[in-house]
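*Asks:* Taking this note's numbering, the leading residue of the sequence shown gets 1, the next gets one more, and so forth.
Source of the hints: derived by calculation from the structure; they are not laboratory data. Mixed in with the good hints there might be a few duds.
[Unchecked claim] Estimated spans, in silico, between C-beta atoms of each pair:
1. Ala2 x Arg26: 35 to 41 Å
2. Ile3 x Val24: 23 to 29 Å
3. Val24 x Thr4: 27 to 33 Å
4. Ile3 x Tyr23: 25 to 31 Å
Glycine included, C-beta positions come from ideal geometry on N, C-alpha and C.
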Amino acid sequence: MAITNHERVGKALEIFRGGIAPYVER
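Based on the sequences and whatever the hints tell you, model everything.
*Replies:* This is the structure in structure tokens:
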């Protein structure tokens with residue numbers, strides 16, 4: 001497969017952290 005499960009989890013975590021960062025910072 002082109003994208004491994006580890007890569008998918010890492011990408012999802014990045015998006016999750018990027019989306020929640022504004023709420024955590026304030």
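*Asks:* Work down the list of hints and note, for each, if the structure agrees.
*Replies:* Status of each hint after checking the structure:
With their beta carbons about 38 Å apart, alanine 2 and arginine 26 fall inside the hinted range of 35 to 41 Å. The hinted window of 23 to 29 Å between isoleucine 3 and valine 24 holds, with their beta carbons roughly 28 Å apart. For valine 24 and threonine 4, the Cβ-Cβ distance of about 28 Å falls inside the hinted range of 27 to 33 Å, so the restraint holds. For isoleucine 3 and tyrosine 23, the hinted distance range of 25 to 31 Å is satisfied, since their beta carbons lie about 28 Å from each other.
When each numbered hint is compared with the structure, no violation occurs for any of them.
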